[in-house]
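K.L.:
Chains G and B supply the protein sequences, listed in that same order. So in our numbering, the last one in the first sequence is 127, and the numbering has no gaps at all. So in our numbering, the last one in the second sequence is 350, and the numbering has no gaps at all.
None of these hints come from the bench; they were simulated from the model. There's no promise every hint is true.
Calculated pairs, DSSO-like style, for lysine-lysine (alpha carbon to alpha carbon, straight line, at most 30 Å) [what the hints assert, rightly or not]:
#1 B:K134 to G:K61
#2 G:K72 to B:K273
#3 G:K32 to B:K134
#4 B:K203 to G:K72
#5 G:K16 to G:K72
#6 B:K129 to G:K16
#7 G:K61 to G:K32
#8 B:K276 to G:K16
#9 B:K203 to G:K32
#10 G:K32 to B:K129
#11 B:K344 to B:K203
#12 G:K16 to G:K61
#13 G:K16 to G:K32
#14 B:K129 to G:K72
#15 G:K32 to B:K276
#16 B:K344 to G:K61
Residues per chain are reported as follows:
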Amino acid sequence: MHEMGVVSSILTACTKTAEREGATRINEIRVKVGELSEIVDEAMYFAFDSLAPGTLAEGAKLIIDHVPARSKCVECGVSFGHGRFDITCPECGSFFCELVQGRELDIECIDVDLPEEAVAGDRVEEP
Amino acid sequence: MKVDVSKPILDRNERMAAENRLLFDEHGVFVLDLLASPGAGKTSTILATIAALRDRYRIAVIEGDIASNVDAERIKAHGIPAVQINTGGACHLESDMIRRAVDTLDMAEVDLLIVENVGNLVCPTDFDLGEHVKVMILSVPEGHDKPYKYPNIFARAEAVILNKYDTMPAFDFNEDDFREAVRRLNAMAPVFPMSATLGDGVDAWVAWLAERIETQKRAGSDT
Ligand SMILES: Nc1nc2c(ncn2[C@@H]2O[C@H](COP(=O)(O)OP(=O)(O)OP(=O)(O)O)[C@@H](O)[C@H]2O)c(=O)[nH]1
Ligand SMILES: [Mg+2]
Ligand SMILES: [Zn+2]
Ligand SMILES: [Zn+2]
Numbered sequence: 001m002h003e004m005g006v007v008s009s010i011l012t013a014c015t016k017t018a019e020r021e022g023a024t025r026i027n028e029i030r031v032k033v034g035e036l037s038e039i040v041d042e043a044m045y046f047a048f049d050s051l052a053p054g055t056l057a058e059g060a061k062l063i064i065d066h067v068p069a070r071s072k073c074v075e076c077g078v079s080f081g082h083g084r085f086d087i088t089c090p091e092c093g094s095f096f097c098e099l100v101q102g103r104e105l106d107i108e109c110i111d112v113d114l115p116e117e118a119v120a121g122d123r124v125e126e127p
Numbered sequence: 128m129k130v131d132v133s134k135p136i137l138d139r140n141e142r143m144a145a146e147n148r149l150l151f152d153e154h155g156v157f158v159l160d161l162l163a164s165p166g167a168g169k170t171s172t173i174l175a176t177i178a179a180l181r182d183r184y185r186i187a188v189i190e191g192d193i194a195s196n197v198d199a200e201r202i203k204a205h206g207i208p209a210v211q212i213n214t215g216g217a218c219h220l221e222s223d224m225i226r227r228a229v230d231t232l233d234m235a236e237v238d239l240l241i242v243e244n245v246g247n248l249v250c251p252t253d254f255d256l257g258e259h260v261k262v263m264i265l266s267v268p269e270g271h272d273k274p275y276k277y278p279n280i281f282a283r284a285e286a287v288i289l290n291k292y293d294t295m296p297a298f299d300f301n302e303d304d305f306r307e308a309v310r311r312l313n314a315m316a317p318v319f320p321m322s323a324t325l326g327d328g329v330d331a332w333v334a335w336l337a338e339r340i341e342t343q344k345r346a347g348s349d350t
């Protein structure tokens, strides 16, 4: 499995974003994983626990949002959800269907802590 | 504080894949990514494809393996340029490995670049290399139930080669079941029964491939 590589890409992108924001730590990382991608949650958590220590994301929570698979029938245009094995139109029975979602592998957002002064400074600027 | 990131996890791979594709299109190189289990007959299929198409296209090969360079040597023995990539344990090729390999080839001298991916029915499906087509090979001894166990690769491939067809009498492979399972996952993909080492069934496969190459060429010259 390639979860190690996937998690190290997630960490690189998230720590870069956090550094740009001047954050002191990352509390939470939220990712979107399509049901049809070859990713196993347990392997993701395992990789995350091994790779996060020593980065801004040490101790952070990894949240995986699953995106169900959906396809659109090329013949009759109906859009429908399905599992991994049978991509058949429930309306007309056609096998000619195009996947519209289910292969996502995206980082959505992170939750970070900013340094005390920055937070205090923000409050002072508020009207 | 919440901060939006909104980018593909494989961002770096996808950006490099897009760059690769631009480079291939600039040079009019058609790229085929071959996926299969270890030993299914990837190298044998490449050799059969070379034998059938070498008079028509200038071919080069990138061999992906966890270790060793025996496959690249097998290709080179036929006078075809080949580059070996050793992934050193990684279960799939990534687009930056392809780029480094491509940099050692003369793209101006190539019409068809065939990539033999690492033997694996799972990981390579998530990784765009910048290829124009992904094709998978299943060999008869692996069994007709594989589309149920590895649906993604069957859904992703644009054609399926059913290799080692000559061994059919020795196995309980149910070809009708297999074709039906493939059709349910991927109705557009043709299935090509083939015996790569004997050369049987190679004609239909290379006819399909040549058609794809020509279609790509026309699309390229339109822009
Ligand atoms: N009977 C029969 N044997 C085949 C056929 N194609 C390949 N083989 C044999 O299967 C074995 C593996 O073939 P390769 O072409 O090396 O397979 P591969 O997928 O490249 O293998 P790896 O790169 O090691 O994963 C060899 O012993 C081939 O001779 C075929 O059509 N029929
Ligand atoms: Mg091989
Ligand atoms: Zn992998
Ligand atoms: Zn329909």
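K.L.:
Now look at each hint and say whether the structure bears it out.
P.N.:
Right, here's what the structure says about each hint:
1. B:K134 to G:K61: The hint holds at about 19 Å.
2. G:K72 to B:K273: With Cα atoms ~25 Å apart, K72 (chain G) and K273 (chain B) stay inside 30 Å; holds.
3. G:K32 to B:K134: holds (10 Å)
4. B:K203 to G:K72: Measuring from Cα to Cα gives roughly 45 Å; hence the hint is violated.
5. G:K16 to G:K72: violated (37 Å)
6. B:K129 to G:K16: holds (15 Å)
7. G:K61 to G:K32: holds (14 Å)
8. B:K276 to G:K16: This hinted pair is violated, its Cα atoms lying about 38 Å apart.
9. B:K203 to G:K32: violated (43 Å)
10. G:K32 to B:K129: Status holds; Cα separation ~16 Å.
11. B:K344 to B:K203: Cα-Cα ~26 Å, so holds.
12. G:K16 to G:K61: Holds, because 17 Å separates the two Cα atoms, which is no more than 30 Å.
13. G:K16 to G:K32: Roughly 19 Å between the alpha carbons, so the hint for K16 (chain G) and K32 (chain G) holds.
14. B:K129 to G:K72: violated (34 Å)
15. G:K32 to B:K276: Measuring from Cα to Cα gives roughly 23 Å; hence the hint holds.
16. B:K344 to G:K61: Not OK: K344 (chain B) and K61 (chain G) at ~48 Å, beyond 30 Å, violated.
Of the numbered hints given earlier, the model fails hints 4, 5, 8, 9, 14 and 16; all others are met.
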